[in-house]
Amino acid sequence: MSAVFEQIFQVGFLAAIIRIATPLAFATLGEMFSERAGVLNLGIEGIMLLSAMTGFTAASLSGSLWLGVLAAVLTGMLMGALHALFTVVLGLSQHVCGIGVTLFSSGLAYFLYRLIFGQQSVPPNIKGFQTLPIPVLSDIPVLGPAVFNQFALVYMAILAIPLAAFILYRTPWGLSVRMVGENPRAADSAGVSVIATRFQAVVLGGALMGLAGAFLSMAQFNAFTFGVVSGRGWVAIALVVFGRWDPWRSAGAALLFAFVDALQLRMQASGLGHIPYEAFLMLPFIFTIVAMAVMSRNAVAPSALLKPFRREER
Amino acid sequence: MPLPAPLIEMRGITKRFGAVKANEAVDLSVAPGEILGLLGENGAGKTTLMNVLFGAYAPDAGEILIQGQPVRITSSADALAAGIGMVHQHFHLAPRLTVLENLLIGIPGKTGRIDRAGGLARLAEIGRQHGLTLDPNLPVSALSVGEQQRLEIVKALFRGARLLILDEPTAVLAPSEVDGLFSALRSMAAQGLGIIFISHKLNEVRALTHRCTVLRHGRVAGRVDDPANTTSSEMATLMCGHEIVPPARGPSTPGAAVLTLDGISTSKHSGTPLRDVSLAVRAGEILGIAGVSGNGQRALAEVISGTRVPDAGQMTIAGSKVSRFSPREVQALGLGRIPEDRMTTGLVTNLPLADSMVLPRIGTAAFSSGGLLKPDAIRAFAEAQINAYDIRCPGPMTRAGALSGGNLQKALLARELAFDPKVLVVSQPTRGLDIGAARFIHEKFLDMRAKGCGIIVIGEDLEELLVLCDRIAVMYEGRIVGTLDSADATVARLGLMMTGAEGHS
Chain A
1 MSAVFEQIFQ
11 VGFLAAIIRI
21 ATPLAFATLG
31 EMFSERAGVL
41 NLGIEGIMLL
51 SAMTGFTAAS
61 LSGSLWLGVL
71 AAVLTGMLMG
81 ALHALFTVVL
91 GLSQHVCGIG
101 VTLFSSGLAY
111 FLYRLIFGQQ
121 SVPPNIKGFQ
131 TLPIPVLSDI
141 PVLGPAVFNQ
151 FALVYMAILA
161 IPLAAFILYR
171 TPWGLSVRMV
181 GENPRAADSA
191 GVSVIATRFQ
201 AVVLGGALMG
211 LAGAFLSMAQ
221 FNAFTFGVVS
231 GRGWVAIALV
241 VFGRWDPWRS
251 AGAALLFAFV
261 DALQLRMQAS
271 GLGHIPYEAF
281 LMLPFIFTIV
291 AMAVMSRNAV
301 APSALLKPFR
311 REER
Chain B
1 MPLPAPLIEM
11 RGITKRFGAV
21 KANEAVDLSV
31 APGEILGLLG
41 ENGAGKTTLM
51 NVLFGAYAPD
61 AGEILIQGQP
71 VRITSSADAL
81 AAGIGMVHQH
91 FHLAPRLTVL
101 ENLLIGIPGK
111 TGRIDRAGGL
121 ARLAEIGRQH
131 GLTLDPNLPV
141 SALSVGEQQR
151 LEIVKALFRG
161 ARLLILDEPT
171 AVLAPSEVDG
181 LFSALRSMAA
191 QGLGIIFISH
201 KLNEVRALTH
211 RCTVLRHGRV
221 AGRVDDPANT
231 TSSEMATLMC
241 GHEIVPPARG
251 PSTPGAAVLT
261 LDGISTSKHS
271 GTPLRDVSLA
281 VRAGEILGIA
291 GVSGNGQRAL
301 AEVISGTRVP
311 DAGQMTIAGS
321 KVSRFSPREV
331 QALGLGRIPE
341 DRMTTGLVTN
351 LPLADSMVLP
361 RIGTAAFSSG
371 GLLKPDAIRA
381 FAEAQINAYD
391 IRCPGPMTRA
401 GALSGGNLQK
411 ALLARELAFD
421 PKVLVVSQPT
431 RGLDIGAARF
441 IHEKFLDMRA
451 KGCGIIVIGE
461 DLEELLVLCD
471 RIAVMYEGRI
481 VGTLDSADAT
491 VARLGLMMTG
501 AEGHS
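Protein sequences appear in the order of chains A and B. Following this note's numbering, the numbering of the first sequence begins with 1 at its first residue and continues without gaps. Following this note's numbering, the numbering of the second sequence begins with 1 at its first residue and continues without gaps.
Isolated chain B (complex conformation) (with noise of 0.2 Å):
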C-alpha cells in the first residue's frame, strides 16, 4: 500500500541500562492506517524501545517526531497527550474498580466530579465503532483474560490514542480470542490509527501486520516490507541472526504406561478445579495439555507433583499407587518436575544457586547425613550440572535470581534430569525463553523420550506442543475434552476444543 506520512517515526534511540545497550540507534516509522510488526527475541529491546516511546524511560540519544514535530515523551501523561495509547503485557488494571472507574483514571471530572455520563456515552460510542462491547460496571476481576484485554485497548481509544501499541497481546488468548483481537486491530487500521504489534509468534505477525521491524541485540536487524509473503523461517533467522531448524521428532515405541490418572477431581481451592480427569502417559511419549490458561492445568500440575491432594480418583507412577500425594512420595516414586513459575515455586531466588539445585532431594543420603548437610557435595553436584548443561552463572554459589530466564529454565531441568525420573510433568517449559534457549529444552526432552521417559508438557503455545508431542489432550474447565495424535492434530483442531467443543480421542 503507499505510505502516507508517517504518524511517528523514531529516530537513532539509544538506551542504555549501566553498560548493558537495550536499544542502540534504532529508527522505527508507522503511517496511519498501518499495522507494523516489532519482532525480537527476549531481551532483543522490543519492549524498551516502546517503553522509551510511552515515556516510561528517557532514551540517552535520538529523537521522537509526531507528523514530523519532534516532541519530548518524559512520562506516560505526555505519550498520552501525543496520542499514544499502550496495551501492555501484563495489564494495567485495578482488580476491584469497575471497567468505567478503570476508563475514568486520569480524566478530569466535570464541576470536581466523575463524569459518568459522559464516561458512558464515550464507552459505547467506541463499542459501536470497533465492535469492542462491555459491561461499564462489572467490577475487572469479573473479566476474563480476552475481555481485560480489550478493556486496555478500549482505554486507549478513550483517551484518543492515535497510535497504539500492543506488546505480545496474544500471549493470553485462546486462538479464538486471537481472530477477535485481529479483527478489531484491522478495523481500528482501516480508521486511519497507526498499531505497532509486539510479538514472537511469525504466523500471526505475517498473518496482520503490513510491514516488520526486526530487532536483534538492540540493533534493527532488518525490515520486512510484505510479511505475508515472507517465510516464518525467514523471519526466525533475521530474529536470531542464524538459522533455526526446529528439532526433529524422530517415530518412537511407547512402553507400559508410567503415569496414569483415574478419575481425580480436586475441590475448587485455587483456581478452576479437576473434574474427573483421567490420562495415561506411557514410557517414552510426550503427552501434551493443551488449553487456554486457567482450565485446570494449575490443579492438574499440583496433583501430579503431590502438592495438592485429589478429592476423588486414583494415580499410579511407574505402577505403584500413590497414596499420600506428598512431594516427597511422588518424587520417590519416580517423578520430576518443572514447575509454571520459576522464581516462586522452582528456586530459591536469594540463596545460592547450589542451594536450589538439590532443595527438592536435600533430605536425602547424596547431600545429607545426619541431619547435617553436605556441602561438598551440593556444590560439586551444582558444578557437574552446569558444566553438562552449559549453564551460564559466575558460579554455583552465585544467587539464582540473577541468572537469566533461559539459564534458570536449565538449571531446573538439570536437577530433575541428573536423577533419571521416570516421568516428567513440565509446565509451560520455554514461556519467557528466547529461541536458542527453547531449543535447547526440547532437545532434551527428546533426548528423555528416547531413553524411555514419560513426559506431559503443559502448555498454551499449540505450535511448540505441536512440534514436541506424540498425543496432545485438550483440557476445557477442569476436564479432558479430547486427546489428538500430534499427527492429526492441527492449531485449527486444537483452538476448537479448547472453547470446550468436543474431540474425537
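One chain only, chain A, in its complex shape (with noise of 0.2 Å):
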C-alpha cells in the first residue's frame, strides 16, 4: 500500500492538481460573476466547447496560440451576450435559455470543425502552450515545480482569483454587480442600470469560461475533440454553489475538485488495476454530489437570481 502512497503523493501529484483545476477556476469565476448579477449562465458548456474549438481553429491556422486564446475568449463574450440578450434584455426563461445556448453551441462547434477539419482519422493536434518556469520562484522546494512550472494560461488563473475578489468587492462596478443580484429595484432606483450591469457581468463571465476552453484544447489536450469538456461545465455550476458564490471559495472548490479529480488518475494508473477505470472516473463527481448535499444546505444563492427585471411594471 505503501508503494501506492509513494506512486500517488508526489511533485508531479500537485502539478496535476494545479493543471486540472486551472480550467474549473475559470469557468466557476464566469459562472460566479453571472449569478453574482443574478443570471444562472446554463450555456456554460456549450460555451466552453465553442471556445476550445475556435480557439483551437485559430491557432492551429494563424500559428499563434495567443491569437487562438483571443479567439476563445471573444467566442465566449460572444455567447455570453446572446445570453444575456435572451435573459437580461428580453427577460426570458434563464433556464430555458441557457440550455439553448449549450445545445446551440455544442451543435455549431461540431459543424465549424467538420466543415474547417473535414474527417480526419488522427484528429489534428497542434503544438499547445509550454511550460514557462518563473525564475527564482520555480527553485522553491515542492511549491516550484508544482505552482511555478506551469503554462502561462495557469499563472492567469492564479491571478484572475484576487483579481475577481478586489473586482466584486472593491469597485463601484462589483458593488453594482452584487446589488442587481441581490435587489435589482434597489439598484435601480440608486441610478444603476440594472440591464447594463447584468449584460456586462454575463459577458464578463462568458470572456472566463472562454478562457476554460482555451485552456483545454491549447493547452491540456493540445487538440479538440467533441469530448474535450465533458461536463467541466456543469461541475463548474455545482463548485459556484459550493464555494458560496465568492471568488476565493468558489477557486478554493475548484482546487478541491481537482484534487480528488488527480487522486482518481493516480488511482487508475496504480496497483489498484482490478477495479474498473470508470469506478475511479465516477469519484469527482460523487464527490462532488456529497460536498453539495453536506455544504450547500446552508448556501444562500443571490436573492434575485433567475428573476428578470423589469421596470415600469404594474
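In case anyone wonders, no lab produced these hints; they're calculated from the structure. Treat the hints with care, since some could be wrong.
Unchecked claim - One side of the interface only, derived from the structure: several residues of chain A facing chain B at Cβ under 8 Å:
1. T171
2. R178
3. R185
4. A187
5. S189
6. R266
7. A269
Said to hold, decoys possible - If you want the ones that stay clear, here's a sample from chain B, every Cβ over 12 Å from chain A, calculated:
8. P175
9. G222
10. P247
11. E463
12. D485
For each residue, glycine too, the CB sits at the ideal point set by N, CA and C.
Each chain sits in its own coordinate frame; assemble them with the hints.
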C-alpha cells in the first residue's frame, strides 16, 4: 500500500492538481460573476466547447497560440452576450435559454470543426502552450515545480482569483453587480442600470468561460475533440454553489475537485487495477454530489438569481 | 408660514395605464422647508404621481419644474441628479450587503475603487446633522425595520437630495419610532429641505405637515392649507368624496369562552416564537392583538389556524380540546380564518375565484362526493357569495388574482362567514383597503359579534383596533404583555406597551 501512496503523492501530483483546477477555476469564476448579477448561465458547457474549438482553430490556422486564446475569449463574450440578450434584455427564462445556448454552441462547434478540418482518422493537433518556469520562484522545493513551472494560462488563472475578488468587493462596478443580483430595484432607484450591469457581468463571465475552453484545447489536450469539455461546465455550476458565490471559496472548491480528480487518475494508474477504471472516473462526481449535499444546505443564493428585471411594471 | 418660491412644481401631470387614468391634470408644489402631505385612498394615484416625479413612469402630459426651471426626469438617475430622493414603501435595500455598501451603490469611486473613507465621513456628518445614526458595517438584514427606513432616508440625503418623498413611512413603525421619524423630518425641513409625506393616517398628517394636497380618482380633490386646524373627518370627506361615519360598536354581553389558549409556546422555526401565551375570546366579543409587526403575531395566527404545532400549551375551541393542530381539525371545531397575506396563503391567484372560495372545505360533502368535485355546487356557492357580498368581478370563474384587494378580502370573508364560525381569527383585516371597503369589513365583524361569534383581530393599526375591539391584548417578543379594555385604552398607552412596558390586565 505504501508503494501506492508514494506513487500518488509526489511533486507531479501537486502539479497535476493545479493543471486540472485551472479550467475549472476560470469557468467557476465566470459562472460566479454571472450568477452574482442574478443570471444563471447554463450555456457554460456549450460556451466552453465552442471556445475550445474556435481557439484551437485560430491557433492552428494562424500558428499563434495567443491569437487562439483571443479567439476563444471573444467567442465566450459573444455567446455570453447572446445569453444576456435573451435573459437580461428580453427577460426570458434563464434555464431554457441557457440550455438552448449550450445545445446551439455545441452543435455549432461540431459543425464548424467538420467544415474546417473534415473527417480525419487522426484528429489534427497543435503544439500547445509549453511550461514557463518563473525564475527564482520555480526553484522553491515542492511548491516551485508544482505551481511556478506551469503554462502561462495557469498563472493567469491564479491571478484571476484575487482580481475577481478585488473587482467584486472593492470597485463600484462590483458593488453594482452584487446589488443587481440581490435587489435590482434598489440598484435601479440608486441610478444604476440593471440591464447594463447584468449584461456586462454575463459577458465578462463568458470571457472567463472562453479562457477555460482555450486552456482545454491549447494547453491540456492540444487538440479539439468532441469530449474535450466533458461535463466541466456543469461541474463549475456546482462549484459556484459550493463556493457560496465568493471568488476565493469558488477557487478553493475548484482546487478541491481537482484534487479528487487527480487522485482518481493516479489510482487508475496505480496497482489498484483490478477495479474497473470507470469506478475511479466516478469519484470526483460522487464527491461533488456529497459535498453539495453537505455544504450547500447553508448556502444562500443571490436573492434575485433567475428573476428577470423589468422596470415599468404594475 | 410665508411661502418662498417652490422647490419643485408639478403642472398638469397626466398618466394613463391603458384606459385607466391614474393621474389627470395634477398640480402640486413644495417649497423649501415645507412638509407637504399627499393624501388619498388606495388607487387615488398618490404612488403613481410620485413615481412620475422620481422618473419611474413617464407622464403622458404635464411638466415638472425645479426652482422654476423645467426638467425632464426619465429615470431614477435623473431624479437623483435633480436632488429628488424617495423612500419607497417597500425598501430598496439589499439585505445581505452592509449599510455602507447600500449607501455607496451607484456612486462613482475614487481611482476605480469604492470610496469607503469618503462614505464613512459623509455618513457621520449626516448622523450629526439630523440625529440619524447607523452602524456602517452591519448587514442590512441585521437592522430593525425602523433602522432600515433610517438608512433609506440617509441614502437620499447622501446623494444630496433637496426634496425627500416618503411613501407611507409610518405603516411599518411602532408609535415610538414614529416620533423619532417625525423629529428627524422636522429637523430636515428646518434646514431647508422639501418633504412630501404620503399617508392615509389623518392624525399623523395633521401633526406633521404644513400643507396637504388630496387626490381622488387621480385628480386633485382639494387642498388643505392648515392641516393642524382641520378635522380628520373634513379630510376624510375630501378623500372619499362623501362623509364617512365610523361604525358604532354597541354594548355586548359576552358569553362563554369560544377559544382559549393556555401556556402556548412555539420553537423558533421562522419568525418570533410564542412564549407562554394565554388568552381567551368569549362569544360575542372582539379581541384585538396589537403589536409591532414581527413580535410573534404570525406564530399566534398560525397556531390558532392549525398550521403550526406548539411545543407546549393547550388550546380549546368551543370547549373542545385541540389535539392535532391541523387546519382541518380546527375548522371542524368551528374556526374560521382570514390570513394575513391574501395573495399567498389566502387563495390561489391563478385559479378561478370559485375554486379559491371552496378550497378550505373542498373535501366536505357540500362540494364533493366519492372523490369527485361537484362543479355545479361550487359554482352556485360562489355565485351566492358574490351576490351577497357585492364582490365586483365578471363572474365566479374569473381568475382570483384579477380582483382588487377589497374584493378579494370580501371573498375571503364570505367563504368563512358562510359556515357560521364560532371563532374567527383575522390578521390585518383592512391592510391596503380603502376607507369604503374597510368600513364594509368592519360592519361584517360587528354583525358576527352580535350573532355571538368570537373574533380575534391581529393588527398594527391601533386606531382600527380601538374602534373595533372590546378588549386589546398587546404582544411583545412573543409574549402577551397586557390586556386592556378598550374603554381604558389609548394609542399612547398601547404604544408604550408595544415597546415591552408592562400593562395592567
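Each hint, compared with the structure:
1. T171: holds (6 Å)
2. R178: Because about 6 Å separates R178 of chain A from the closest Cβ in chain B, which is inside the 8 Å limit, the hint holds.
3. R185: holds (5 Å)
4. A187: Hint holds; A187 of chain A Cβ to chain B Cβ min 6 Å, cut 8 Å.
5. S189: It holds, given that the least Cβ distance between S189 of chain A and chain B is near 5 Å, below 8 Å.
6. R266: Because about 40 Å separates R266 of chain A from the closest Cβ in chain B, which is outside the 8 Å limit, the hint is violated.
7. A269: violated (45 Å)
8. P175: The claim holds: P175 of chain B sits with its nearest Cβ about 28 Å from chain A, beyond 12 Å.
9. G222: holds (26 Å)
10. P247: holds (32 Å)
11. E463: holds (29 Å)
12. D485: holds (44 Å)
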